[in-house]
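**Student:** One-letter residues, chain by chain:
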Amino acid sequence: GDSVTQMEGPVTLSEEAFLTINCTYTATGYPSLFWYVQYPGEGLQLLLKATKADDKGSNKGFEATYRKETTSFHLEKGSVQVSDSAVYFCALSTPNTGNQFYFGTGTSLTVIP
Amino acid sequence: DTAVSQTPKYLVTQMGNDKSIKCEQNLGHDTMYWYKQDSKKFLKIMFSYNNKELIINETVPNRFSPKSPDKAHLNLHINSLELGDSAVYFCASSQGLTQDTQYFGPGTRLTVL
Numbered sequence: 008g009d010s011v012t013q014m015e016g017p018v019t020l021s022e023e024a025f026l027t028i029n030c031t032y033t034a035t036g037y038p039s040l041f042w043y044v045q046y047p048g049e050g051l052q053l054l055l056k057a058t059k060a061d062d063k064g065s066n067k068g069f070e071a072t073y074r075k076e077t078t079s080f081h082l083e084k085g086s087v088q089v090s091d092s093a094v095y096f097c098a099l100s101t102p103n104t105g106n107q108f109y110f111g112t113g114t115s116l117t118v119i120p
Numbered sequence: 014d015t016a017v018s019q020t021p022k023y024l025v026t027q028m029g030n031d032k033s034i035k036c037e038q039n040l041g042h043d044t045m046y047w048y049k050q051d052s053k054k055f056l057k058i059m060f061s062y063n064n065k066e067l068i069i070n071e072t073v074p075n076r077f078s079p080k081s082p083d084k085a086h087l088n089l090h091i092n093s094l095e096l097g098d099s100a101v102y103f104c105a106s107s108q109g110l111t112q113d114t115q116y117f118g119p120g121t122r123l124t125v126l
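If you read the protein sequences in the order shown, they are chains B and H. First residue of the first sequence? That's 8 in the working numbering, and the numbers climb one at a time after it. First residue of the second sequence? That's 14 in the working numbering, and the numbers climb one at a time after it.
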């Protein structure tokens with residue numbers, strides 16, 4: 008079945024460090040891929056998305072490229088800030104499933120000054 | 014101008030009680046969802062409705078019953094609450110059923126004592 012495997016956390020980085028959070032997927036059909044962010048005590052917010060192979064989603068300095076050949080959608084940011092501390096979720100949605108989302112287990116990121 | 018709102022934000026109750034959580038979206042979306050997030054942050058879809066019609070009905074106890082009075086509202090009623098129902102419940106909405114971005118509410122933290 009459709010699923011997402013996400014890098015386990017927690018991840019702790021110093022401010023201005025480079026961030027990578029790995030995400031790979033298994034899906035039938037052609038999924039759309041998403042990264043959501045959850046700040047403490049809040050709901051999930053869309054961070055970025057990509058709907059077809061080789062698309063790059065980007066937002067707030069974060070980027071992820073839809074790689075069909077490696078079934079991956081890794082999240083990257085060149086220089087993290089303390090305000091990026093949150094839980095990050097990778098997710099996919101495949102056609103004809105009623106827009107059912109499959110989420111990864113979440114990766115907790117803490118950025119220290 | 015909250016897009017997806019939920020009430021209450023916190024709910025503390027005794028085992029065996031019946032409770033409801035309300036959700037409203039003002040985005041004009043046709044599809045709404047309920048998710049359960051456990052203590053390890055794992056997100057699981059419970060239900061989805063499209064134009065008041067049940068679309069996704071995952072394996073959840075039949076003590077959980079969603080109700081959609083109109084397409085802007087999706088409420089969750091829980092009978093005979095159990096300790097294991099303690100979690101954060103998120104409502105979400107999307108425009109349609111085809112790999113559309115889902116927009117999440119702030120969550121309702123349910124604690125069953």
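Simulated from the structure, these hints should not be mistaken for lab results. There could be a bad hint or two in this list.
To be verified - Here are the simulated DSSO-like pairs of lysine-lysine, each with C-alpha atoms no more than 30 Å apart in a straight line:
hint, chain 1, residue 1, chain 2, residue 2
1, H, K84, H, K54
2, H, K53, B, K67
3, H, K84, B, K75
**Student:** Please go over all the hints and tell whether each is borne out by the structure.
**Tutor:** Right, here's what the structure says about each hint:
1. H:K84 / H:K54: Holds: H:K84 and H:K54 sit about 28 Å apart, inside 30 Å.
2. H:K53 / B:K67: Within the cut-off at roughly 26 Å; holds.
3. H:K84 / B:K75: violated (36 Å)
Checked against the numbered hints above, the structure breaks only hint 3 and satisfies the rest.
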